[in-house]
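Trainee: Sequence:
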Amino acid sequence: MPHTSRTKRPTIQKRTQVTDDDGWTHVASSGSVRRVMRSRPRGTAAIIKDSEISSDYSSSNQSEPVLVPAEAPGRLTLPELQTQFETHRRRWESSESWSRLAGVLDERLKCRKLEQQASSSSSEAVCPIDAIICIGLGSPSGFLRDGWVDRRAVSLYQLAALASIKDRVASTTNQTIKVYAQDPVFNALDESLLAALNMDVLQHPAAFTHITSSTMLFCPGAERKHLELLLPSKPWLLFGGPLEHADAGGVLLEYVDCAGSFCLPVFEALEHAFWRMRLYWIESER
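Numbering (our numbering), first residue to last: 73 to 358.
These are calculated hints, taken from the structure and not from any lab test. Treat the hints with care, as some may be off.
Straight line, CA to CA, 30 Å or less: simulated DSS-like cross-link-like pairs of lysine-lysine [unchecked claim]:
no. : residue 1 : residue 2
1   : K182      : K306
2   : K250      : K182
3   : K306      : K250
Computed beta-carbon distance windows for the label pairs [to be verified]:
no. : residue 1 : residue 2 : range
4   : E316      : T248      : 32 to 38 Å
5   : S191      : E343      : 37 to 43 Å
6   : V323      : T159      : 36 to 42 Å
Here a beta-carbon is modelled for each residue, glycine too, at the ideal position from N, C-alpha and C.
Just need the whole structure built from these sequences, with the hints factored in.
Mentor: Next comes the structure, spelled out in structure tokens:
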């Protein structure tokens, strides 16, 4: 058979984009994968079921996917998961992000306590926070979407932040603070880890009923549609966001309008674990 000198046309590799729960868009071909950060990260949030809560909640449930507990690696044990958590917590607490956040949190707690004492006729100790409610943390141990998405490091760093905040509030106020966590993707290992940290796991929608004007809402992974259900209760503190980039009007901007805020410095160890997040607090004079 005669040979040909014609140049073969290069094979065009098909590229696809897949967005994971950390807010990263993976652009993949057979030869490479690159990651592009979306303008706002997205996390796993609570699922609203119309048979379990009020009509306000059920109306937002029309297109919700059904989430199940994340699948943990078969050989992962609780002691190993606790070791991983402590490693992430040490990195978090040695960061400028935590140092700056802790200072702002201390200041807000002290101001709030003085305000409450000034307005109370009782001599009993007043705690600025009645509880910390965590919604949409994700699974610190397991994989989502049949093992494709690995956001365990994100969840571990966010859990480290929650534990640090819990202990900081307790030391500043000299009172024990209850922490409640809710996410449908928690598995048995996650629940054991949270229990070891003295955090109570609640089944949906129980956490929603615990939110008051004295609550701290910890929701680094909550989606906008869920924040719109949570923020009308005007929780005094909120960690998450950012909320400023919401469309004009609406519940989110109403909350921002009556709140002060502090933006976390970039967390160098894993930037998108706290991408553009803020600590918000309701200003008493507004």
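Trainee: None of the hints should be skipped; say for each whether it holds.
Mentor: Going down the list of hints, with the structure as the test:
{"no.": "1", "hint": "K182 x K306", "in the structure": "holds (20 Å)"}
{"no.": "2", "hint": "K250 x K182", "in the structure": "holds (19 Å)"}
{"no.": "3", "hint": "K306 x K250", "in the structure": "holds (19 Å)"}
{"no.": "4", "hint": "E316 x T248: 32 to 38 Å", "in the structure": "holds (34 Å)"}
{"no.": "5", "hint": "S191 x E343: 37 to 43 Å", "in the structure": "holds (41 Å)"}
{"no.": "6", "hint": "V323 x T159: 36 to 42 Å", "in the structure": "holds (38 Å)"}
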